[in-house]
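From first to last, the protein sequence lines are chains P and R. The first sequence lines up with residues -15 to 169 when you count with the working numbering. The second sequence lines up with residues -15 to 169 when you count with the working numbering.
Calculated from the structure, these hints are not laboratory results. Accuracy of the hints is not assured; some may be wrong.
Said to hold, decoys possible - Pulled from the structure, derived: some chain R residues nowhere near chain P, Cβ distances all over 10 Å:
id	residue
1	Gly7
2	Lys26
3	Arg79
4	Ala96
5	Glu145
What the hints assert, rightly or not - So, partial list: chain R residues that the calculated Cβ filter (under 10 Å) puts toward chain P:
id	residue
6	Ile45
7	Arg48
8	Ala71
9	Gly76
10	Cys95
11	Ala98
12	Met128
13	Phe131
14	Val148
15	Ser151
16	Phe153
17	Leu157
All values reported here derive from a predicted model rather than from experimental measurement. The C-beta atom is built at its ideal place from N, Cα and C for all residues, glycine as well.
Protein chains: 2
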Amino acid sequence: MAKIAGESGRGLPAKGQFKGNVGRVMMKQEHFMKEAIRQAKKAYALDEVPIGCVIVLDDKIIARGYNRRNTDKTALAHAEIAAIKKACRAVGDWRLEGCTMYVTLEPCQMCAGAIVQSRLTEVVIGCMNPKAGCAGSILNLLEMDRFNHQVQVTRGVLEEECSVMLSQFFKDLREKKKEQKKKME
Amino acid sequence: MAKIAGESGRGLPAKGQFKGNVGRVMMKQEHFMKEAIRQAKKAYALDEVPIGCVIVLDDKIIARGYNRRNTDKTALAHAEIAAIKKACRAVGDWRLEGCTMYVTLEPCQMCAGAIVQSRLTEVVIGCMNPKAGCAGSILNLLEMDRFNHQVQVTRGVLEEECSVMLSQFFKDLREKKKEQKKKME
């Protein structure tokens, strides 16, 4: 297992808090998923669908991203694409081998494609997207044998928190639309 | 059929040169594919795999792109992604409805995904990529019923020219590598 970074602040908690390797991996995954959720909340604050992601190398966050599709007026402004762009800058290469992405929602076909093209080693997903996800729902682009790269995938880390955040966003949106409609009448 | 733009310079040749609608559509497709090939040659000049693309709205090129993956050190620097980014800026929206992309090589999973996410209406492809293409070879992400958008696809426009350009590039590359090896001995 790779070296565990920083023991204080937003680094990982001290060793020994969770016993055994499985507990340690789970703790690490939840730690970085919380950072991805922090990113998603930035999207929420902009009235964007709350999706966030971080990319981690050697237990350090090297890139962050959140959905800004409406704000930036481009479908390329998905959280994963923004983070991949920054991660490439951080490592100085188009290959992100050794990197792990933590993302609050199952990636779409474009982002799953970008993950494979960038040769990320691992992706950790919060909740699934049964209607459009391409990491196991509609398709599984991350683990396709016919591509020249396959990604290791973990699903369901802080699933409920990621899922509730999205449901709440769409509930808010419906209520806002109702209010606007009332004002128009 | 949409209005045909400019009759001189790099616009479309005068009406009447090709008789009938089929001839006119073919002429238009070849015209814009030539512009995509011009972009691919810019990649070639940088020792990048020669792939180029243009995006057309109302018979006018609104965005151009060519592969710069090694130069820019990111897998996001594929021709199609660069062109989509510029096209979104040109139309001021993340939706590229009504736009047609002309691309010299069948898009990969990331670019095909970006095309669907950006809701491009049509894609015209030069040559296919049997080992990695996702517009009919490995997968067909552009015409999948299960996504919320399907793209109209035309394949094989100036196919030989696009294909020969790629073969020549890889032949050059092999020769360069041989020469380097000789120098090292």
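Going through the hints against the structure:
1. Gly7: Consistent with the label, glycine 7 of chain R stays out of reach of chain P, its closest Cβ about 35 Å off (over 10 Å).
2. Lys26: holds, 18 Å
3. Arg79: At roughly 8 Å from the nearest Cβ of chain P, arginine 79 of chain R sits no farther out than 10 Å, so the non-interface label is violated.
4. Ala96: Label violated. Min Cβ-Cβ 7 Å, cutoff 10 Å.
5. Glu145: holds, 26 Å
6. Ile45: violated, 18 Å
7. Arg48: violated, 16 Å
8. Ala71: holds, 9 Å
9. Gly76: holds, 6 Å
10. Cys95: Hint holds; cysteine 95 of chain R Cβ to chain P Cβ min 7 Å, cut 10 Å.
11. Ala98: holds, 5 Å
12. Met128: holds, 8 Å
13. Phe131: holds, 7 Å
14. Val148: This hint is violated: valine 148 of chain R lies away from chain P, its Cβ roughly 24 Å from the closest one there, beyond 10 Å.
15. Ser151: violated, 19 Å
16. Phe153: Violated, because the Cβ-Cβ distance from phenylalanine 153 of chain R to chain P comes to roughly 18 Å (cut-off 10 Å).
17. Leu157: violated, 17 Å
Checked against the numbered hints given earlier, this structure breaks hints 3, 4, 6, 7, 14, 15, 16, 17; the rest are met.
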